[in-house]
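Just so you know, the protein sequences line up as chains G and L, in that order.
Residue 294 in numbering that gives the first Met the number 0 sits at position 295 of the first sequence, and the numbers go up by one each step.
Residue 106 in numbering that gives the first Met the number 0 sits at position 107 of the second sequence, and the numbers go up by one each step.
These are calculated hints, taken from the structure and not from any lab test.
Hints are not guaranteed to be accurate.
Pairwise CB distance ranges (calculated) [unchecked claim]: (1) Asp143/L <-> Glu382/G: 18 to 26 angstroms; (2) Pro5/L <-> Ser231/G: 31 to 39 angstroms; (3) Phe204/G <-> Glu6/L: 17 to 25 angstroms; (4) Pro5/L <-> Pro202/G: 38 to 46 angstroms; (5) Ala235/G <-> Glu99/L: 51 to 59 angstroms; (6) Thr175/L <-> Arg362/G: 52 to 60 angstroms; (7) Asn31/G <-> Asp143/L: 35 to 43 angstroms; (8) Gln242/G <-> Asp42/L: 39 to 47 angstroms; (9) Arg80/G <-> Val176/L: 29 to 37 angstroms; (10) Ser335/G <-> Leu8/L: 54 to 62 angstroms; (11) Asp428/G <-> Asp160/L: 33 to 41 angstroms; (12) Ser77/G <-> Leu8/L: 58 to 66 angstroms; (13) Leu8/L <-> Ala235/G: 31 to 39 angstroms.
Quick reminder that beta carbons are idealized off the backbone N, C-alpha and C, glycines included.
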Amino acid sequence: MSGTPRTGAPFIVTSRTGDATRPPMEEGHTLNAYLASGGYQGLRKALTMNPEEVVAEVLASNLLGRGGAGFEAGRKWSMVRPNPVRYLVINGDESEPATFKDRMLMERDPHQLVEGTLIAAYAIGAAQAFIFIRGEFALGMERVIAAVNDAYRHGAIGANIFGSGFSVDLVVHPGAGAYICGEETALLESLEGKRGYPRIKPPFFPAAIGLYGEPTVVNNVETVSNLPWIVSNGGAAFAALGQGRSTGTRIFALSGHVVRPGNYEVEMSKLTFRDLIFDPELGGGVRGGKSVKAFIPGGASAPWFGPDQLDLPLDQDAVGKAGSMLGSGSVIVMDSDTCAVRAAWRIARFFHRESCGQCTPCREGSGWIDKVMRRIEDGQGREEDLDLLMDACDNIAPGVSWPPAQTTICVLGPSIPSSVAWSIRMFRDEYLLHIKEGACPCP
Amino acid sequence: MAGLTPENLARARETVALYPQPRSALIPLCHQAQAQEGWLTPDAISQIAELVGVSAAEVRGTASFYDMLHLEPVGKFLIGVCTNISCMLGGAYELLAHAEDRLGIRCGQTTADGTFTLEEMECLAGCDGPTCVAVNYRYFPNQDESTFDTLVDDLAAGRLDGDVPCHGTVSRVDRTVTLMAQRDEVLAERAASDRARSERQAAKEAKG
C-alpha cells in the first residue's frame, strides 16, 4: 500500500514521507504544534532563494493544480504579466458536490496553507495575498483567521518577513454562499464586492487582468498546501512520486455508498479506483456488500463511469483519455440499488440552482433539464423526453462529448450534461422503465 | 430598526482598511451586520453602502445573489439539511421530510416562535458524514431521524449555545492585526525586483 489513509492522519507530509512526524489532528491547527513539526521551514528556505528559483522548483515538481482544471502550478505563475502590482488569491471556496478536502486542510492544517500561500506570494512577488474561504466553512474560517493572527505575531506575515526584506500582507476573505464563486473570475468579482458573475476569457484571464484589473494568480488550497513540502524537499522529490504528468500525492475525497467515506491521500497514478474504493485501509468496499453500479471520478461536473472503468489508475491523463476527468479529486460511488435517474436529477438540479444566470443556454437549459428529469423520476415522463434532454444538453455543450464544447462564459454550463447525458447513455433502459411503468422502479 | 453598534462600526472601518478598494469589504460587512442582527436590516444596508462607497441598491443587489445573506429575518437557528448527491445517497431526503414534520414547517419557513428556520442546502462538503446537517453553519455529521430529534431538543433547550452562536456569526475569531506591509514600500520593492529581473533576462539574451 503506497498510500496512508487521511482520516485520522490528515496531513499531507505524513503519507509522502511515510513517517507520522506531523501532530495528530486535534491540536494540529495550532502554531506551536506546527512549529514543533518543522513548520515554516519551507518559507524560511524559500526566502533565501530568488523568486525565480522557487518557481523553478515548482516547475520541476510538475505540481498540477488541485482545484479541478489541473493546470501546472509553476506554469501558471510564469504566465503572470510583469507589473509592480500583482495579487495572489487562494481559492478556498470548495463547493463542488462531494469534494471536502480543502475544508479538511483549512480546519486541520491552517498553518500549512498559510505557509504555502506566503511561498506563492514570494514566488510571484504579490503586493497582497487573500485567502477566499467558502462562507459556510465556519470552523475553517475560525482556524485560518487564528492561524493568520498567530503567523503575523511569529513574523511569518507582514513587514520584513523573518528578516528577509520581503513584505506582504495576507487577508482572509469570507464568501457568502455561491457555488459559482469557485470559478476563478467569479471569485475575483466576489472579492471586489460584487455578484459572482464569471468574466469572459479572453480578455479576462486573471494572469493578465485579474483583481482590480491587475495581474493575479488564483491557486487552490490543496495546491499551495503542497508548497512547503516541495520547497523543503525539492521539486525533484515530489516529481519522483506518481507517474508521468501526475506527480506527487493527492487527496481523494471518497463518498457515497462506501463503507469508509473520507479523504485519502495517496500517491498519484499508483492506485486504481478499485483500490481506492475497496482497499480495507481506504474505502473498505461498497456498503452492504453490493456491487458498483456507477461512479463519478472527479466531482459532480465529471461524466460518469461504469464498473468496467474501475481499474483505471488515479491519474489525470488516464482518466481524461477515458472520457471523464479527475477534476476536484472527489469520487462518488453508487451501489447497485441506486436510481440513476434520481442521482442524475439531483446533480442537474444543483447546477440549475447555482447557475449565475448570465448565459441563456445554462440558465434556461438547466431549468428545463431539472424539470424534465424530475417528471421522469416522478413517473410523469414521456419517451420523447430523452431526446428533449439530449437536445437541451446539446444546446449547452454542442456535440455532448468530452471534453465539452462550450456556449457559455464559464464551464458551469458544460458541466450539466455530465450527469444527464452520460446517465441516459449508460442507463437508457432504466429511464424507459420509469416512463413505461409511470413510477420509479428502484428499491 | 437598528444599524451597527458603535463597536461594530469601528470594526467595520478596520475591515474596510484591509482592502486596496473599499468595495471589497462589502460582503465581509454584510456578515458582520448579520452577526449583530441575524439578517441584513435596511439600516445596516445603508450603513454598509456608505462605508464602502456604493449605493444601498448596489449592496442589496449584491447581497441578493448570495445564499448566506438574508434580506428578511430568519430564526435564531438556521438548520440546513444537505440533500446533494452524497447525502442523498445516504438518505438525506428522508431526513429532510422528517425535519419538516419534527419542526412543523416546510423548507424555507421559520417556526412561529422565531427559533428555527429550515433550509435544504447544497453540498456542504461534509460528505464523509452523510447526512450532514449544519446549524448556523456549525456541522453535525451523520444525522438520522433520532439524532436529529436530539439535536433539535438540545438547541431548543439552549444546551448547544456554546457550540452554536446565533445566526449570522460566521467566525467567532476576529482578525487582530492591521496591515503591516507599507504598500508604497512593497510596490517600490516589487518594481525594483521587476527591473532587476528584466535586466537579468536582457543580459542572458545578450550572452546567448
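List, from low to high, the hint numbers that the structure doesn't satisfy. 1, 2, 3, 6, 8, 11, 12, 13
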